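Given the sequences, and given the hints that come with them, work out the whole structure.
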Amino acid sequence: MVDDNMTLTKTNTAKVKAVEPDFDDEDTTPPIKPGKEREPLRARIEDFSFFYADGFQAIKNVDMPILDRKVTAIIGPSGCGKSTLLRSLNRMHDLYPGNRYEGRVILEPEGENLIGPESDPVIVRLRVGMVFQKPNPFPKTIYENVAAGLRVRGIKKRSMIDEAVENALRRAAIWDEVKDKLNGSAYDLSGGQQQRLCIARGLAPNPEILLLDEPTSALDPIATAKVEDLVQELSESVTIVIVTHNMQQAARVSHRTAFMYMGEMMEFGETQTIFTNPKHPRTENYITGRYG
Amino acid sequence: MPDNLIMFIAVPFGLIMAIYLSEYARPAVRETVKPALEMLEAVPTVVYGFFALLVMTPFLQNFIPGLKGINLLVPGIILGIMILPYVVSVSEDAMRAVPNSLREGGYALGMAKWQVATRIVIPGAFSGITAAFILGMSRAVGETMVLAVAAGQNPNLTWDPREGAATITAYIVQMSLGDVAYGTTAYESIFAVGLLLFVITLAFNVIGFYLRRKFREAY
Ligand SMILES: Nc1ncnc2c1ncn2[C@@H]1O[C@H](COP(=O)(O)OP(=O)(O)OP(=O)(O)O)[C@@H](O)[C@H]1O
Ligand SMILES: [Mg+2]
Chain A
47 MVDDNMTLTK
57 TNTAKVKAVE
67 PDFDDEDTTP
77 PIKPGKEREP
87 LRARIEDFSF
97 FYADGFQAIK
107 NVDMPILDRK
117 VTAIIGPSGC
127 GKSTLLRSLN
137 RMHDLYPGNR
147 YEGRVILEPE
157 GENLIGPESD
167 PVIVRLRVGM
177 VFQKPNPFPK
187 TIYENVAAGL
197 RVRGIKKRSM
207 IDEAVENALR
217 RAAIWDEVKD
227 KLNGSAYDLS
237 GGQQQRLCIA
247 RGLAPNPEIL
257 LLDEPTSALD
267 PIATAKVEDL
277 VQELSESVTI
287 VIVTHNMQQA
297 ARVSHRTAFM
307 YMGEMMEFGE
317 TQTIFTNPKH
327 PRTENYITGR
337 YG
Chain B
5 MPDNLIMFIA
15 VPFGLIMAIY
25 LSEYARPAVR
35 ETVKPALEML
45 EAVPTVVYGF
55 FALLVMTPFL
65 QNFIPGLKGI
75 NLLVPGIILG
85 IMILPYVVSV
95 SEDAMRAVPN
105 SLREGGYALG
115 MAKWQVATRI
125 VIPGAFSGIT
135 AAFILGMSRA
145 VGETMVLAVA
155 AGQNPNLTWD
165 PREGAATITA
175 YIVQMSLGDV
185 AYGTTAYESI
195 FAVGLLLFVI
205 TLAFNVIGFY
215 LRRKFREAY
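Chains as they are written, first to last, in the working numbering: chain A, 47 to 338; chain B, 5 to 223.
Worth flagging that the hints you see were computed from the coordinates, not collected in a lab.
Don't take each hint at face value.
With a straight-line cut-off of 20 Å between C-alpha atoms, the simulated SDA-like cross-links for lysine to any residue are [claimed, not checked]:
#1 A:LYS180 / A:ASP275
#2 A:LYS106 / A:ILE152
#3 A:LYS186 / B:THR134
#4 A:LYS203 / B:ARG123
#5 A:LYS186 / B:ILE126
#6 A:LYS186 / B:ILE211
To spell it out: a stretch of chain A is covered by chain B in this simulated footprint if at least three of its residues, at any positions, have a beta carbon under 8 Å from a beta carbon of chain B; those stretches are [stated by the list, open to error]:
#7 134-143
#8 173-179
#9 184-190
#10 194-206
#11 246-254
The structure displayed is predicted, hence computed values, not measured ones.
Beta carbons: idealized from backbone N, C-alpha and C, even for Gly.
Printed below as a string of structure tokens:
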């Protein structure tokens with residue numbers, strides 16, 4: 047159950063670990079905890095740790111606020127735990143036996159703990175949508191791809207589904223390109239279109255939070271620009287957490303940026319501050335391109 | 005008629021077993037069951053034929069009044085069971101070939117496990133599953149032994165599964181080897197029947213090809 051993404055990650059990690067001592071192994075500055083936010087939150091990650099089935103602790107005591115209807119970016123070198131953290135937010139790790147969460151992911155304003163024992167992963171995923179690194183449309187028509195999340199929620203009325211599908215495709219800025227071939231196969235679209243279709247699929251059921259894991263890493267610059275524009279527009283109506291390798295991208299689209307390093311959240315803050323005036327030496331090294 | 009019976013048995017049971025193996029079974033279970041299925045495929049078909057004639061038919065005669073010793077019902081069921089290991093094993097391969105990224109996409113939308121199985125995995129493996137059933141079916145259609153033993157050799161056009169009848173292949177062999185005079189209706193009928201077999205097989209393949217295109221798996 048390990049996809050190629052994970053195998054890639056493992057080799058990259060090895061490289062990072064091998065290179066690391068050359069620079070600043072002496073740097074033992076502890077992580078800087080995020081300050082208090084004045085803007086309304088959609089979720090709060092508190093003292094969160096994550097352990098893979100083999101016992102490896104991929105996330106270490108992370109605290110992080112997620113602002114309501116803002117874009118939060120997670121950056122950091124390969125293998126630092128960005129995807130692991132993101133996938134914790136919709137309980138994807140529950141799909142594979144032996145994984146373990148510790149701490150709290152509190153959804154605001156209800157205060158429900160998403161990783162608590164009383165919370166059902168399926169319900170969590172109904173509230174927190176996700177878009178993956180590689181576009182993964184279902185082997186169905188374009189229409190049925192977007193409708194899938196509505197059908198899961200038991201919506202049967204054709205007119206309602208029609209409306210929601212159109213609405214989601216418009217929000218994902220792909221309506222004009224597909225409106226004449228809604229009944230065509232999703233695989234006939236280009237990679238960039240497929241990714242926007244996947245975003246539409248995630249948006250259709252109106253999730254409270256949308257998670258994006260390196261959504262543009264498989265796309266060309268033009269398709270990437272479209273998705274970036276889209277993320278910014280969407281942040282007016284939905285809370286977004288985006289993982290990216292691309293620092294310019296984080297700087298362009300996000301309001302808050304979190305920098306992770308070897309499972310720890312070293313620094314969190316306003317995107318502009320992180321990129322122009324980082325406080326943690328590791329953040330500075332990373333954004334000035336000294337490693338990662 | 006037995007064709008319908010075969011599919012009636014093979015489709016639901018085959019799908020359920022393949023889904024169980026691919027989506028639900030623990031690896032240890034799968035690793036035991038798969039080779040066992042492949043061994044079952046190697047059982048000579050004449051064994052199935054006599055099992056049908058000597059065990060299954062007498063047993064079912066207790067429940068179905070008017071079931072003759074030589075009939076279509078039992079070989080239909082037995083053929084369905086006979087192609088099951090093949091159908092299950094090939095469809096399971098197709099289901100396992102559906103990438104995990106698609107399953108995760110389904111789970112991320114809040115699907116439960118059975119919804120992922122029925123809405124993502126089956127459509128994703130559709131062409132493979134169709135191929136499994138078509139190939140399984142053609143095995144059954146080309147199969148003479150079970151029917152020769154348990155359904156008899158009587159070229160009888162009937163929709164009553166309690167009666168006996170011959171298969172197309174059995175009929176062709178019987179007619180051409182027997183003392184049918186050249187040029188008679190019975191002799192010509194071999195070609196008509198052969199053509200029918202050809203058309204049926206062609207139709208299967210055309211349907212398979214169409215479905216394959218429609219549900220193209222490019223992942
Ligand atoms: N299934 C797993 N079992 C055990 N360890 C894992 C598993 N998946 C990932 N890891 C490890 O967890 C750490 C974090 O991995 P993760 O995929 O979250 O990194 P990432 O920051 O997303 O990296 P990338 O930028 O390359 O995608 C890595 O050291 C990786 O080797
Ligand atoms: Mg990752």
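Cross-check of the supplied hints:
1. Taking the CA atoms of LYS180 of chain A and ASP275 of chain A, the gap is about 19 Å. The hint holds against a cut of 20 Å.
2. For the hint pairing LYS106 of chain A with ILE152 of chain A, the CA-to-CA distance comes to about 17 Å; that is within 20 Å, so the pair holds.
3. As the CA atoms of LYS186 of chain A and THR134 of chain B are separated by approximately 16 Å, the hinted pair is consistent with the 20 Å bound.
4. For the proposed pair LYS203 of chain A and ARG123 of chain B, the alpha carbon gap of about 19 Å is at most 20 Å, so the pair holds.
5. Taken as a hint, the LYS186 of chain A and ILE126 of chain B pair is honoured in the structure, with Cα atoms around 11 Å apart against an allowance of 20 Å.
6. Between LYS186 of chain A and ILE211 of chain B, the direct Cα distance comes to roughly 18 Å. Compliance with the 20 Å bound is thereby established for this hinted pair.
7. Here the region 134-143 of chain A counts 3 residues with a CB under 8 Å from a CB of chain B, which clears the bar of 3, and the coverage holds.
8. With a threshold of 8 Å between beta carbons, the proposed coverage of the region 173-179 of chain A by chain B holds, since 3 of its residues qualify and at least three are required.
9. Look at the region 184-190 of chain A against chain B: 3 of its residues bring a Cβ nearer than 8 Å to a Cβ of that chain, three or more, so the hint holds.
10. Only residues whose beta carbon comes within less than 8 Å of a beta carbon in chain B count, and the region 194-206 of chain A has 5; three or more means the coverage holds.
11. Beta-carbon proximity to chain B at under 8 Å applies to 3 residues in the region 246-254 of chain A; the threshold of 3 is reached and the given coverage holds.
In summary, the structure agrees with every hint in the numbered list given earlier.
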